[in-house]
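Listed in order, the protein sequences are those of chains A and B. Final position of the first sequence in this note's numbering is 239; the numbers increase by one with none missing. Final position of the second sequence in this note's numbering is 1371; the numbers increase by one with none missing.
Please keep in mind that the hints were generated in silico from the structure rather than gathered at the bench. Predicted, not measured: the structure shown is a model, and the values here were computed from it. Heads up, some of the hints might be wrong.
Claimed, not checked - Just a few of them, taken from the derived set where beta-carbon distance is under 10 Å, the chain B residues facing chain A: (1) THR1018; (2) ARG1048; (3) PRO1079; (4) PHE1088; (5) LEU1120; (6) GLY1207; (7) ALA1210; (8) GLN1248; (9) ARG1251.
The beta carbon of each residue, even a glycine, is placed where N, CA and C say it ideally should be.
Letter by letter, the chains look like this.
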Amino acid sequence: MQTLRLGWTLAERDLRTRYAHSVLGSLWSLAQPLAMATALFFVGKAWNRTISADLWLLGWVVWNVFSSSAFSGALSLAHNRELVTKTAIPAFSYPLSKAIVAAVDGAVGLVLWGIFAVVTGVHANATLAVGALFAFAASLAGGLGMGALLALPAARVRDVAVALPFLAQLGLLLSPLLLGTSTSFSEHLPWIPGWGPVQAVLTQSVGSDVGYLWAAALLLLGMGFGVLKRWGKNAADWV
Amino acid sequence: MKPFIHFDQLTKKFGAHTAVDRLSGRWEAGSSVGIVGANGAGKSTFLRLLSGISAPTSGTLSSSGRLASLLEVGTGFHPELTGRENIFLYGQILGLRRAEIRAQLDAIADFSGVSAQLDLPLKHFSSGQKIRLGFSVAAQLRSDIILLDEVLGVGDAAFQQQSFERMQSLLSEEGRMAVVVSHHLGTIRRMCTQALWLEAGRERLSGPVADVLEAYKNAYAAPEETETLPANPWIASVRWSNSLVAGQPARLEVALNNNSPLQRPNLRLTLFNQHGEFLAPLSPVTSGLESILWPKRARIVLEFDRLPLMRGTYHLGLRLTENDLELAHLPVALPFAVEEGLYFPKGDTFAPRLNGLWLDPRWTVAESNPA
């Protein structure tokens, strides 16, 4: 409970201060997913992927929840050195705070998608909406787990921290968002949450592999929590 | 169950260096323990182990009761958030619940003395105001066990007294326990019932506070010492350039190791008596010498025409800042002794006492006007 409360506190700090000195302020929360979905739509068109814009938006939102919670979570201990070395905040609170921020961003994206879907009427169906919510939750859980797993290595070995942004970009390029739906990685690597859910959303088939995805997401989450519970106190010596 | 801390063979190693070496003990509710020792003795590392911030390399640690650690005032403050938002943020980091903070908000604001600025971003607060705000939040802690690391010596002298009294009042409540790390022996003496003296990570002595402090003081007072080479990369040396006699000229020299000029620098020296109690502050800024820039490897000299200290042993604390950011903080930068001498040319009407200041105001005596 304390972990959750402090995770929320740190997330609130990040959210409140993120757009300080910015002219557009929190409008960036809307502009970013829209701009990214538009860009992906045109890239997809150029690659002859026939996916409509609202599905690009949805796919990007779900992917972004995973990648953002995983990669900013991985850097969360290294980036909070002062707190890690001076306070007894449970180590899991740090990646958790990043996942909460990712969830808030993702929720904004989901609302945008919902409006878009209703206005265009192309994919306004309950199955897809439920699938999207499941994919969103699995991505969040898996991303948080992966962030927690990587947080200590990133605090200990700075090469990991330096390489992570690059890996995040690479992950997007390799994800089914850009690879398309028929021969995506998720068919071969269904245990990687964030890729599979996006696949499920894009193909509008949320049935068969959702169980695997949830199992993978919860496994990652459990491992990440366990690692930080067991070795989290080492962070104060490593950051 | 009454709050307690129990540790057995507690050890912390950083590579080949052993910071805390096989410490064992048990402290119960109602006791306040002061931890003393030279810089690098392992005090703060030990406190971090007790706080649960860092894990021991070996040994066991157990405790019961709600534990709060205050290792630095204002950790986690964010300059872009307002004073009010930072109160909530910092309070929750320290373990307070939002409802507790809300209920105490007025008290926190009053104690800090910055009520009028609470809705301004913290970046517009002075460094002193930030410290006051941070301590005011911490003063609301209602934990069974409170761990404090040098946080009672922050702020100006009046605020130090105010915060000290606040902590004493908190600790006087039944069932509380405190572990206090401080170089200020006066603070330890007034707040604690027991003391633990650490040396190179090991227990040198523990027991009733008076006994431990007496032994510690005798070992470290070094009355003849007039120069020291502090273990800080910014400070090359702190020394008196002559032997010290009350009422005679004296010259203190602080040599810095700065490889580039310092912008808006300040050097604050604090004079303490043999009990570690505050006597007087010294700073070029408060004395009217406000500098924009100090040169590379700056050498700061203070000259007294007549040293206003009575016979006794003292020490100087030192804090070096640039643009209000702390570069060096040495609570005991230079212990020294002053020999007996005549401060007033015509002699003194009081027998010189230990550890005091000679003051020389302008005196006048006149008949009062009838009301």
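Here's how the hints hold up against the structure:
1. THR1018: Hint violated; B:THR1018 Cβ to chain A Cβ min 14 Å, cut 10 Å.
2. ARG1048: Hint on B:ARG1048: holds, closest Cβ of chain A at ~7 Å, below 10 Å.
3. PRO1079: Check passed: Cβ of B:PRO1079 comes within 9 Å of chain A, closer than 10 Å.
4. PHE1088: 8 Å, holds
5. LEU1120: 14 Å, violated
6. GLY1207: Constraint on B:GLY1207 not satisfied, violated at 29 Å.
7. ALA1210: Hint violated; B:ALA1210 Cβ to chain A Cβ min 31 Å, cut 10 Å.
8. GLN1248: Hint violated; B:GLN1248 Cβ to chain A Cβ min 45 Å, cut 10 Å.
9. ARG1251: Not OK, violated: B:ARG1251 not within 10 Å of chain A, min 39 Å.
Of the numbered hints given earlier, the model fails hints 1, 5, 6, 7, 8 and 9; all others are met.
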